[in-house]
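Engineer: Protein chains in written order, with this note's numbering: chain A, 4 to 551; chain B, 2 to 296; chain C, 278 to 587.
Simulated from the structure, these hints should not be mistaken for lab results.
Note that the coordinates shown come from a computational prediction; the quantities given were computed from them, not determined experimentally.
Worth double-checking, as some hints may not be accurate.
What the hints assert, rightly or not - Some chain C residues flagged as far from chain B (calculated, every beta-carbon gap over 10 Å):
1. L332
2. A487
3. A521
4. Y539
Unchecked claim - Only pairs whose alpha carbons sit at most 30 Å apart, straight line, appear in this in silico DSSO-like list of lysine-lysine:
5. C/K323 - A/K163
6. A/K153 - A/K163
7. A/K319 - A/K249
8. A/K144 - C/K488
For glycine and all other residues, C-beta sits at the position ideal for the given N, C-alpha and C.
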Amino acid sequence: MHSMIVRLLLLVAAVALLASCGRGESNVASGNRAGILHFGNGSEPQSLDPHVATGIPEHFIIHALFEGLTVKNPYTLEPEPGVASSWDISEDGRVITFHINPEARWSNGDPMTAADYVWSWQRLLSPGLGSEYAYMLFPVKNAQAFNQGKMTDFGEVGVKALDKLTLQVTLNERTPYFLQLMDHYSTFAVHRPTIEKFGNASDRYTPWTRVENMVSNGAFRLRDWQLYRRLEVEKSDTYWDRDRVKLNGIVFHPTENTVSEERMFRVGQLHYTASVPLGKIPVYQEMADTPYRQAPYIGTYYYLINTLQAPTDKLKVRQALSMAIDRESLNRNVLKGTNIPAYSITPPDTLGYFPPRLFSHDVARARELLAEAGYPNGEGWPGLELTYNTSEDHRKVAVALQQMWKDALNIDVTLTNQEWKVYLDSITQMNFQIARRGWIGDYVDPNSFLDLFITGGGNNNTGFADPRYDDLVLRQAPQAATDEARLAIFHEAETLLMEQMPIIPLYTYTSKHLVHPSVSGMPPNLMDSTNFKYVSLDQDWRPAGAGN
Amino acid sequence: MNTEAIVDIARAEQGTSLWQDAWLRLRKNHLAVLGLAILVVFIVIALLTPWIAPYSYQQQNLELGASGPSAAHWLGTDIFGRDLMTQIMYGGRVSLAVGFIATAVALLIGVTWGAVAGYVGGRTDAVMMRMVDILYALPFMIFIVLLTVVFGRSMLLLFLAIGAVEWLTMARIMRGQVQSLRQMEFVEAAVSLGLSPATLIFRHLVPNALGPIIVYTTLTIPNVMLLEAFLSFLGLGIQPPQTSWGLLISYGAETMEEYPWLLIFPGVALTLALFSLNFLGDGLRDALDVRGAKD
Amino acid sequence: MWRFVGMRLLQAIPVILVVITVTFFLVRVAPGGPFDGEKAVTREVKAALEAQYKLDLPLFQQYTAYLGDLAQGDLGPSFKYPGRSVNELIAAGFPVTAELGLYALLVALGIGGLAGIIAALRPNTAQDYIPMSAAMIGICMPSFLLGPLLVLVFGIHLDWLPVSGWGDIPGDKILPSITLGAGYAAYIARLGRAGMLEVLSQDYIRTARAKGLPQWQVVLKHSLRGGMIPVVAFLGPAFAGLLAGSFVVETIFQIPGLGRFYVQAAFNRDYTMILGTTVFLSVLIVFFNLLSDILAAWMNPRLRAQFGGQ
């Protein structure tokens, strides 16, 4: 009996010992040696089809696998040649002619042609596919009509292949940000023979994106995809600019849990994390030579107000709510000083544009307004419900604000959290009183934010409708003669918007990442965009002394 | 003498000394007594919380943020600067309430179901217990997740969902008890005296089967509390601004490196409560010698 | 014996049908559809999407279509991951969860069984109290408390073991298995102790001891089988519980298993994935319950005689 127990204990001890010995080399060390970047990518990608995907994790992978007509310089965010080696813009800005690089190839060796783009854009815009980013191409003539089924002949849409390597795009009007859109994955070209091998152009769930089937045109090629474990890409030898690509491969790790992701970074499993848990930020900020990178990000965190329901249908109530919030304190204490308080929808310095600021944190004035609205010191307040999608960070903000409103205005606000799908449903159905929202610009231009609030806009969700605003944003701005004039028109529109306060802006996003010191070529920028061509790993990097 | 009294006397011959014996045996089991004591303390605190909590539940102190145990805050504060001890006390109210109420729901359904099945016997019994078997086989965790996701998260739904899972075993136990009791003399006496089945079941059979019921109830409460904590951890149970021990633990787990007290103190509270209930239940089982009644 | 098996199998079918039907209609009732995205989709786009996934058909037709597919073993395409079928996702996630469950069960049987036997050999002494108290802690400490604590101590402070992943770093399977197995180890310890106690008090054990057999023979050859019957009977429900427990453990340790897939599918309203996983897991649970019942019956000599012995 005793010998049996002793033997078992020895076995357990042996297993434990074995386990702790075999730690192996870290991903960072092996990656630096082999030129493989280990990239923490947030959630598991839903789809690698550029016309079907919608999220940020997909964005990074698709940008490694595919390339658009233009690419972005990660330092300046200026468009650089991609598949198009050059382009000409007509005098009135309505016609852009792209010249496709004759060296541009698909990963199976096929040359890229202008016809690829015509076909691909038809696919993106086809109503049957149901692409959620079809609106990216709406600046193109008749694109919107085609997508809504009002026009069935794609030949009427403003994109034509003049010859094998010349693509002519006709826009509705001058669109300064159009070149930026060519770097958005929804406008990328896809390989027609591959897609048609597995079904119709408008089929969403064909296996063409599988490892064994996929054909892409970017700096990297899909090598392995194990669901929820890793997605590996390797350097492509057909890519026209392959000599400038310094990485040999990238491994995208699905890291849904930010706390786990940070731990993985700490033990050397990742070169880069998609985000950083709020509680860890102060720790990293204190470090010398910290891997923590924070930079302004083109997005705004705000609360939608349902302007069609009491009590928020009253302007003074909305203003009171907004002015009672101490955004500085929120930022400093709850958000650890990592974001920038916002008083408007467009982030500051968006392409040189600065939004108007119409109010400040003013508790006295807020109380006055509330009294004028009929609820002096919160008397008679019918209650208000704040909805947010389930997330620790959103909860923190909501709880803090709930208390601020109580302290400043003596009103009760109840909190409801719903998980993602339900929350989205509530927003679309306008089934809320106040709801949390975030909007990230698809491109660097105030239009990306201001066109949210046109009458009946799909992402408006507030009931705000002002024909003067629509006119400014939709008609006058595109027809502005100069950039300054255009920005001035936007400023006027945004002033109109914020006078009505259909939203409560809270803060401008910042991008937060942990980046290993051995990585270079990933500078922070406003779009948090990475161009993997610029990234390289320092083979000789060694930790200074003992482990971090 | 009326029929009730006759039956009562007949039953008394068998019953009274059982409880006194049981109590004596229980008292000798130190762990069970300890469990009972702790439980009573928790319940008293939970009931008196609105009056004895040191701080208001909502009171934030953003400048302070999360801080460790100190003179002002014995158990520390959370990231909003809210006193943790207060949070644990209010959370305890919810956790214990869910535990007791959901168990009560399970008890009600299970006892009735099992008693009826056991008493009526025959076809009805077979059908009723077959249904229990079928329900037993269902992957309940999956359904609970689905139910909470589908119908939103309300306290009421939580009670019902959890109660719906736990009543099955209660029904089985009750049925077994009733079946064996059915053979006993006092039942025959009652039947011959013309007592209605309902009266018989609820006035006489159920009280006699009380032993196993009490034991099982005491052991179900911790299971229910665990279930609620589990759901809250996944984000499906209690929702803020309410709090429960499960929710506090899930928040604490996220920041356990920076603020370990946010995990440890609620964890200790929950574990201690479960401990007490389990020890008490075990003690009761030994004291009432329930395990012996395996027929 | 076979009649017993056959009857149980037959009973399983209505169970599965009920599961499928209830789940199907529950999921459809839920607010929020699979195609609600952060950027609002136009009506046309949404209509196109729903047509592609057959969501525009009347509900009952969808149901019968689904049953038909199911009969052929086709669980449909995932709504959340276009291009992947539910079969594929389950095939990716289930082996991981099964492995986790297996290791957890081994931990539970090993530690729990051992503890129970040791405790039963000298009841009401320290040899009994210590393992049983430890077992009580195992029952009372939920996995989502134990897991983070283990991570805190062994993963972070001592840095002995990895804290996430499954199969990526050597040793990353240890903490999750222990976390999941701990609760069951506790139950098995108690069950085992109770079973062993009962068997050890039997006459034939006393005879064996009187005959001078060494203790370990007494335990292994004579008592173990009978004493472990309650443990075996527990395995069926334990399996179902392990699946549920895997939700939490997989979340804590970021393990790509079916439990995590399932919870996410529920949040994402990935209709087909939810249905497919529920059906799959239900079938499995029913099967395991059956297996464990049969095993328990087989191990019990009295019941074997009753069924004519096989």
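Engineer: All hints are to be evaluated individually against the structure, with a verdict given for each.
Structural biologist: Evaluation of the provided hints:
Every Cβ of chain B is farther than 10 Å from the Cβ of C/L332; the closest lies at roughly 17 Å, confirming the non-interface assignment. The beta carbon of C/A487 is kept farther than 10 Å from every beta carbon of chain B, the shortest such distance being approximately 26 Å. A beta-carbon of chain B comes within 10 Å of the beta-carbon of C/A521; the shortest separation is about 3 Å. Taking the minimum C-beta to C-beta distance to chain B, about 7 Å, the non-interface status of C/Y539 is violated against the 10 Å cut.
With a C-alpha separation of about 28 Å, the suggested pairing of C/K323 with A/K163 holds against the 30 Å cut-off. A C-alpha spacing of about 20 Å is found between A/K153 and A/K163, which places the hinted pair at or below 30 Å, so the restraint holds. For the hint linking A/K319 to A/K249, the alpha-carbon distance of about 57 Å lies beyond 30 Å, and the restraint is violated. Straight-line distance between C-alpha atoms of A/K144 and C/K488 comes to about 99 Å, which puts the hinted pair past the 30 Å bound.
Of the numbered hints given earlier, the model fails hints 3, 4, 7 and 8; all others are met.
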